[in-house]
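There are 2 protein chains.
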Amino acid sequence: MSVTAAAGFTAAGVGAGLKPSGRDLALVVNTGPEKHAAAVFTTNRVAAAPVLWSQQAIDDGRAEAVVLNSGGANACTGPEGFADTHATAEHVAEALELSAQDVLVCSTGLIGTRLDMEALLPGVDAAVGALSDDAVSGEAAADAIRTTDSVAKTSQAAGTGFTVGGMAKGAGMLAPGMATMLSVVTTDAVIAPADLDAALREAVRVSFDRADSDGCMSTNDTVVAMASGANSDAVDLAEFQAALTAVCRDLAAQLIADAEGAAHEIAITTVRAASEADAETAGRAVARSNLFKTAIFGRDPNWGRILSAVGTTDVAFDPATIDVAVNGVTICRSGGIGEDRELVDLSGRQVEVTIDLKAGDAEATILTNDLTHDYVHENSAYSS
Amino acid sequence: MSVTAAAGFTAAGVGAGLKPSGRDLALVVNTGPEKHAAAVFTTNRVAAAPVLWSQQAIDDGRAEAVVLNSGGANACTGPEGFADTHATAEHVAEALELSAQDVLVCSTGLIGTRLDMEALLPGVDAAVGALSDDAVSGEAAADAIRTTDSVAKTSQAAGTGFTVGGMAKGAGMLAPGMATMLSVVTTDAVIAPADLDAALREAVRVSFDRADSDGCMSTNDTVVAMASGANSDAVDLAEFQAALTAVCRDLAAQLIADAEGAAHEIAITTVRAASEADAETAGRAVARSNLFKTAIFGRDPNWGRILSAVGTTDVAFDPATIDVAVNGVTICRSGGIGEDRELVDLSGRQVEVTIDLKAGDAEATILTNDLTHDYVHENSAYSS
Numbered sequence: 001m002s003v004t005a006a007a008g009f010t011a012a013g014v015g016a017g018l019k020p021s022g023r024d025l026a027l028v029v030n031t032g033p034e035k036h037a038a039a040v041f042t043t044n045r046v047a048a049a050p051v052l053w054s055q056q057a058i059d060d061g062r063a064e065a066v067v068l069n070s071g072g073a074n075a076c077t078g079p080e081g082f083a084d085t086h087a088t089a090e091h092v093a094e095a096l097e098l099s100a101q102d103v104l105v106c107s108t109g110l111i112g113t114r115l116d117m118e119a120l121l122p123g124v125d126a127a128v129g130a131l132s133d134d135a136v137s138g139e140a141a142a143d144a145i146r147t148t149d150s151v152a153k154t155s156q157a158a159g160t161g162f163t164v165g166g167m168a169k170g171a172g173m174l175a176p177g178m179a180t181m182l183s184v185v186t187t188d189a190v191i192a193p194a195d196l197d198a199a200l201r202e203a204v205r206v207s208f209d210r211a212d213s214d215g216c217m218s219t220n221d222t223v224v225a226m227a228s229g230a231n232s233d234a235v236d237l238a239e240f241q242a243a244l245t246a247v248c249r250d251l252a253a254q255l256i257a258d259a260e261g262a263a264h265e266i267a268i269t270t271v272r273a274a275s276e277a278d279a280e281t282a283g284r285a286v287a288r289s290n291l292f293k294t295a296i297f298g299r300d301p302n303w304g305r306i307l308s309a310v311g312t313t314d315v316a317f318d319p320a321t322i323d324v325a326v327n328g329v330t331i332c333r334s335g336g337i338g339e340d341r342e343l344v345d346l347s348g349r350q351v352e353v354t355i356d357l358k359a360g361d362a363e364a365t366i367l368t369n370d371l372t373h374d375y376v377h378e379n380s381a382y383s384s
Numbered sequence: 001m002s003v004t005a006a007a008g009f010t011a012a013g014v015g016a017g018l019k020p021s022g023r024d025l026a027l028v029v030n031t032g033p034e035k036h037a038a039a040v041f042t043t044n045r046v047a048a049a050p051v052l053w054s055q056q057a058i059d060d061g062r063a064e065a066v067v068l069n070s071g072g073a074n075a076c077t078g079p080e081g082f083a084d085t086h087a088t089a090e091h092v093a094e095a096l097e098l099s100a101q102d103v104l105v106c107s108t109g110l111i112g113t114r115l116d117m118e119a120l121l122p123g124v125d126a127a128v129g130a131l132s133d134d135a136v137s138g139e140a141a142a143d144a145i146r147t148t149d150s151v152a153k154t155s156q157a158a159g160t161g162f163t164v165g166g167m168a169k170g171a172g173m174l175a176p177g178m179a180t181m182l183s184v185v186t187t188d189a190v191i192a193p194a195d196l197d198a199a200l201r202e203a204v205r206v207s208f209d210r211a212d213s214d215g216c217m218s219t220n221d222t223v224v225a226m227a228s229g230a231n232s233d234a235v236d237l238a239e240f241q242a243a244l245t246a247v248c249r250d251l252a253a254q255l256i257a258d259a260e261g262a263a264h265e266i267a268i269t270t271v272r273a274a275s276e277a278d279a280e281t282a283g284r285a286v287a288r289s290n291l292f293k294t295a296i297f298g299r300d301p302n303w304g305r306i307l308s309a310v311g312t313t314d315v316a317f318d319p320a321t322i323d324v325a326v327n328g329v330t331i332c333r334s335g336g337i338g339e340d341r342e343l344v345d346l347s348g349r350q351v352e353v354t355i356d357l358k359a360g361d362a363e364a365t366i367l368t369n370d371l372t373h374d375y376v377h378e379n380s381a382y383s384s
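Sequence lines, in order, name chains A and B.
Mapping the first sequence onto UniProt numbering, position 271 (from 1) lands on 271, and the numbers just tick up by one.
Mapping the second sequence onto UniProt numbering, position 369 (from 1) lands on 369, and the numbers just tick up by one.
Incorrect hints may have been included.
Any copy, or any two copies together, can satisfy a pair, since identical chains are not distinguished.
Dumping the calculated DMTMM-like pairs for lysine to aspartate or glutamate here, alpha-carbon to alpha-carbon at most 25 Å [claimed, not checked]:
hint, residue 1, residue 2
1, 358, 340
2, 19, 139
3, 358, 276
4, 19, 342
5, 19, 339
6, 19, 300
7, 19, 340
8, 358, 318
9, 19, 118
10, 358, 323
11, 358, 97
12, 358, 80
13, 358, 250
14, 19, 116
These are computed hints drawn from the structure, not numbers from a lab.
Bear in mind the structure is a predicted one, so any value in this text is a computation, not a measurement.
So here's chain A without its partners, still in its complex pose (with noise of 0.2 Å):
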């Protein structure tokens, strides 16, 4: 159902040309009657013209549109590039009765090459012909935001008189070039500004930030989340926060999942971390080992890559006492060998990793994906 299974949503998805086939550019658009806006960006200092634009016009806390193309991140190319986005803004605020500042602006695609406007500016009058609050044109939009993503990515989770819907795009090995991920969320709650950002970076924290497909960070990544108040019930926010992880964790797995290079699956978990921070660190340096995502594609329980990963950082363990279990199987105890290799079978796509650091009660999940030969050729033989 997409940003459009909340109350108070329009919106569109069509080809505007910017891509040689399919839809290219979507619109969202908050039809209120509150226009509450949050979002989070990524912190790459090599940041996009749209990041730039977006970061100073969710300032206020509100937005009552975005405009988002696949087709070119608009990323270091300089002051021209930002007067496009700034362009981008300005023509879907004319079109739209808005003021430009109340429009973010978001890009996917091949860095350091300039967007075509003449395409992209008449895409964003035929998106505003066809915006709508059907379920059809939710999904259009999540279509329209896809570069090399295989299917569309959507989610919704609803709590008592709220509803909360999203879409995302990208990440997975093969998608991202490095504009990895642009994700909506879009919500009726009655919910402050203050109160929608703060859910909105407790959501990302336990869920964007923790699926890690190639340890690259993206120029371009921006998660935008909008509420209507078209819902007019009071709204426990302990239960809004709840539904909004609930939908950016399942973006986050879509995301994972769609990973077209990948042969397998990762979940890390580290567990009995002396801190939430210590456990999200030992999963992340697994997750970026090349070593240990080339061993789990070629099936094999390599546990020496998993210790000597953890063994990079300075989380609290003790090297002689961690355990590791690769798919419930303890292949390594007290920092030795344990139960015969063997026994773990990876011929399923799903794997889990678990990391048992003896050292607290904290833990957490990173997801990430095997290193396979459809990673390296997708990322080689396209420009992305």
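With the hints as your guide, set chain B onto chain A.
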């Protein structure tokens, strides 16, 4: 000429049967008159048994022999593995009538399996019997520490009154498993242990530490330097430093050049950095970007992936002024589109990336490889 190039050293390389075929056990002995030594080890907290042993054995700045084996890393093998290392040192000590505390041990191969001591100890006896100061023995030692290295790596340099010789194994993209690199460097210089230690640390810092084939840190990395004092001439420390650094740099370049999985050897030079540390950090971030490395494999000068990697660091630079050149073509100028990327020729094996941070006058070069199908194949098809 390897480790026997300097006067005062004997060496041997034999086949003990730890690997299916070929040599797998090397011995290097300092015949004096001085027995000064220094060593640098992996900073991985999951350090192999031979690393733990050698760290305490080198503490007094003295070593008379180094025994090295391929065919097993003896890492994550618990107290039993440490006992195996200890037994190896004791065996060498008995055969050579030394103290075991003057015997360093290095191992390389698969993590998490015990060494075959019934093969290893007789191999030590065979190596002792084969010790010689001739060139052939030095080459045999270099050969015996190979894992999947396609060639043995040796180097030498000379200065006024001294010679430096060295051997190394591993690294590159295929070899590593986790047991990435071992190196032994010998000299006949008269040099105090503290001076030797300082010189080795500086040499390693600008050589092996800047060869980053896949970002994975070994549990077994060890670089040993031994000084026999067999050449009684006084040595100029600066000249010695230059020779030692030259040997380490030559060996590091050979490691990167022997990456069978690699199709390109990439030198990433960061110039006009605020500090040498900044230059190293920027280069290392690029060297560890799988997206950059796959792009080079695909002969795609995708400079967006370079900027994106630099943007993840905290080094001093302005995204609006940075320049990037690949093989002499400045394809990114002032953070935006520079010369035509079609002008970049990536058909050769050597790739020079220059990142101009415009933030100071420091520079550093990181050596790496591209990420190829063969890397995935080597590291998924074989447990290492």
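We went through each hint and held it up to the structure:
1. In this homomeric assembly, residue 358 and residue 340 come within 25 Å of each other (Cα to Cα) only inside a single copy, at 22 Å, whereas the closest approach across copies is 54 Å.
2. In this assembly of identical chains, residue 19 and residue 139 lie within 25 Å of each other by CA distance solely inside one copy; the values are 18 Å within and 57 Å between copies.
3. With identical chains, the CA atoms of residue 358 and residue 276 are at most 25 Å apart within one copy only, with a shortest distance of 13 Å there and 38 Å across copies.
4. Within a single copy, residue 19 and residue 342 get their C-alpha atoms only as close as 47 Å, which misses the 25 Å cut-off; across copies the closest is 21 Å, which meets it.
5. For the homomeric pair residue 19 and residue 339, the shortest alpha-carbon distance between copies (24 Å) is at most 25 Å, but the shortest distance inside one copy (51 Å) is not.
6. Within a single copy, residue 19 and residue 300 get their C-alpha atoms only as close as 39 Å, which misses the 25 Å cut-off; across copies the closest is 20 Å, which meets it.
7. For a Cα distance limit of 25 Å, the shortest separation of residue 19 from residue 340 across copies, 21 Å, qualifies, whereas the shortest one inside one copy, 50 Å, does not.
8. In the homo-oligomer, the alpha carbons of residue 358 and residue 318 lie at most 25 Å apart inside one protomer (8 Å), although the nearest pairing across protomers, at 43 Å, exceeds that limit.
9. Only within a single protomer do residue 19 and residue 118 lie at most 25 Å apart by alpha-carbon distance; the minimum there is 13 Å, versus 64 Å between protomers.
10. In this assembly of identical chains, the alpha carbons of residue 358 and residue 323 lie at most 25 Å apart only when taken from the same copy (8 Å versus 47 Å across copies).
11. Taking CA atoms no more than 25 Å apart as the test, residue 358 paired with residue 97 passes in neither setting, with 58 Å inside one copy and 44 Å between copies.
12. For the identical chains of this complex, residue 358 and residue 80 are inter-copy neighbours only, at 22 Å across copies versus 53 Å inside a copy, given an alpha-carbon limit of 25 Å.
13. For a Cα distance limit of 25 Å, the shortest separation of residue 358 from residue 250 qualifies neither inside one copy, at 29 Å, nor across copies, at 43 Å.
14. Only within a single protomer do residue 19 and residue 116 lie at most 25 Å apart by alpha-carbon distance; the minimum there is 10 Å, versus 59 Å between protomers.
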